[in-house]
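Q: Chain by chain, the residues:
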Amino acid sequence: MTASRGDPIAALNRDTVCAFYDAYFDTLDAGRLEEWPEFFATECRYRIISRENYEAGQGLCIMQADSKGMLGDRVRAILKTQVYAPRYNRRFYSGLRIVNARAGELEVRQNVLIVQTLLNQPSQILGCGAGHDRVVLNESGELKFADRTLVLDTEMISNSVIYPA
Amino acid sequence: MTASRGDPIAALNRDTVCAFYDAYFDTLDAGRLEEWPEFFATECRYRIISRENYEAGQGLCIMQADSKGMLGDRVRAILKTQVYAPRYNRRFYSGLRIVNARAGELEVRQNVLIVQTLLNQPSQILGCGAGHDRVVLNESGELKFADRTLVLDTEMISNSVIYPA
Amino acid sequence: MTASRGDPIAALNRDTVCAFYDAYFDTLDAGRLEEWPEFFATECRYRIISRENYEAGQGLCIMQADSKGMLGDRVRAILKTQVYAPRYNRRFYSGLRIVNARAGELEVRQNVLIVQTLLNQPSQILGCGAGHDRVVLNESGELKFADRTLVLDTEMISNSVIYPA
Chain X
1 MTASRGDPIA
11 ALNRDTVCAF
21 YDAYFDTLDA
31 GRLEEWPEFF
41 ATECRYRIIS
51 RENYEAGQGL
61 CIMQADSKGM
71 LGDRVRAILK
81 TQVYAPRYNR
91 RFYSGLRIVN
101 ARAGELEVRQ
111 NVLIVQTLLN
121 QPSQILGCGA
131 GHDRVVLNES
141 GELKFADRTL
151 VLDTEMISNS
161 VIYPA
Chain L
1 MTASRGDPIA
11 ALNRDTVCAF
21 YDAYFDTLDA
31 GRLEEWPEFF
41 ATECRYRIIS
51 RENYEAGQGL
61 CIMQADSKGM
71 LGDRVRAILK
81 TQVYAPRYNR
91 RFYSGLRIVN
101 ARAGELEVRQ
111 NVLIVQTLLN
121 QPSQILGCGA
131 GHDRVVLNES
141 GELKFADRTL
151 VLDTEMISNS
161 VIYPA
Chain F
1 MTASRGDPIA
11 ALNRDTVCAF
21 YDAYFDTLDA
31 GRLEEWPEFF
41 ATECRYRIIS
51 RENYEAGQGL
61 CIMQADSKGM
71 LGDRVRAILK
81 TQVYAPRYNR
91 RFYSGLRIVN
101 ARAGELEVRQ
111 NVLIVQTLLN
121 QPSQILGCGA
131 GHDRVVLNES
141 GELKFADRTL
151 VLDTEMISNS
161 VIYPA
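Residue numbers (my numbering), protein chains in the order written: chain X, 1 to 165; chain L, 1 to 165; chain F, 1 to 165.
Chain X extracted, bound-state conformation:
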């Protein structure tokens, strides 16, 4: 991990970054989707992409948003379709690492396991993968995602609606 001296983001410790992810996953686990875009910088990117495509350098994504506005659109689309099959998604993460800190930006990785529970059914794995993220401080000193790219090990998502993670 390298950082220019005096870069405020380089002074952040792992606990502060973990607390940001804890709040992020808690918001999604609790189903407060309308708060989800607030974790992103004004200029941002959100992607869910299969590991096969990601490692092959192909840009085809399972889900992609290139601005905070598009994240809001996505939320509205999900909330409209949520009537179909009520479910809970819960996210577990492991091995959070700050792999780089430079120019006002942290590069963060972490393993993610998404467990889904449909009403009156046993919980099962929806997918797993790794976050390849860039996190920045906004003008108010709050952590925000400049880029969250969730690289999923599978292309098979047993889901008609793709939920954020």
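Check before you lean on any hint, since a few could be wrong.
Note that identical chains are pooled: a pair holds if it fits in a single copy or bridges any two copies.
Straight-line distance between alpha carbons at most 25 Å, and here's what the computed SDA-like set of lysine to any residue pairs gives [to be verified]:
| # | residue 1 | residue 2 |
| --- | --- | --- |
| 1 | K80 | E52 |
| 2 | K80 | E139 |
| 3 | K144 | V99 |
| 4 | K144 | P122 |
| 5 | K68 | A103 |
| 6 | K144 | L118 |
Treat the hints as calculated values from the structure; they're not laboratory data.
Place chains L and F on chain X using the hints.
A: Here is chains L and F on its own, set in the frame of chain X:
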């Protein structure tokens, strides 16, 4: 997180609380059920409740004990029935947060994944959910649960015997 | 946790040990198997053993290597057979504890969940268990495994090839 000055529990850091949970889950994972009640305060409550009931404000629980004595009764009942189908339950947790600290009490949340392995069978998810707990310091300065409420995403527990988690 | 004064390994904190495990699991998750032996001391042991055998004191292992050279042999064997069915294994850990620190050695435990994804199939649990490890500092001051013993809750590994974890 707010706390009155001079409240000893407010001085505890996240690592100390994590160590308490690590010891708690290790005791259960190792099957040392007879030690389980020792993690609770004399006045305590333990509940496993479905998320649907919890969010609807309904009190109906999958398992409930309202005193340390009842926890001991539960342990004895489980140990008697353990002959039927030997199994291992292992608990994984993620996103532990101290959401409040006041009046000698910590409010703690964490995601929990319970993985079950029956003899000569592959491991599978038994359930997942979130702990909504209140943790206190006893007179000896040890952390104890005043309330452990495990809110499970599913009502379907593929189990005739309910084990603590 | 007890440690002799002046023992450099006793001065290591939990974060440093977690960072070692994060790097270890990341190397395996990313499939960089050829780097795997580098996490071990020159004199080392690696074992995967069923919990049933481990608790019965039986030495029969699912996989065993008694030297760094044998770890390299294992890697070459896996890489040769990897053509058969492409898959990703991803490791999640929880509850890492330093249960002892003495004589230049840390005894470390942690729960491990291994999730496997075969090409174009949903992710599923491959196995879960606990690491019962001994970690040392080598002459360059780097952490290395003197012993990594992964105790799996199941004997049923739905896999023709056993991957390290």
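Q: For every hint, state whether the structure bears it out.
A: These are the hints, each one checked on the structure:
Within a single copy, K80 and E52 get their C-alpha atoms only as close as 31 Å, which misses the 25 Å cut-off; across copies the closest is 21 Å, which meets it. When the C-alpha separation of K80 and E139 is checked against a cutoff of 25 Å, the pair qualifies neither within a copy, at 33 Å, nor between copies, at 52 Å. For a Cα distance limit of 25 Å, the shortest separation of K144 from V99 qualifies both inside one copy, at 17 Å, and across copies, at 21 Å. Taking CA atoms no more than 25 Å apart as the test, K144 paired with P122 passes in neither setting, with 34 Å inside one copy and 31 Å between copies.
In the homo-oligomer, the alpha carbons of K68 and A103 lie at most 25 Å apart inside one protomer (22 Å), although the nearest pairing across protomers, at 40 Å, exceeds that limit. In this homomeric assembly, K144 and L118 never come within 25 Å of each other (Cα to Cα): the closest approach is 31 Å inside a single copy and 34 Å across copies.
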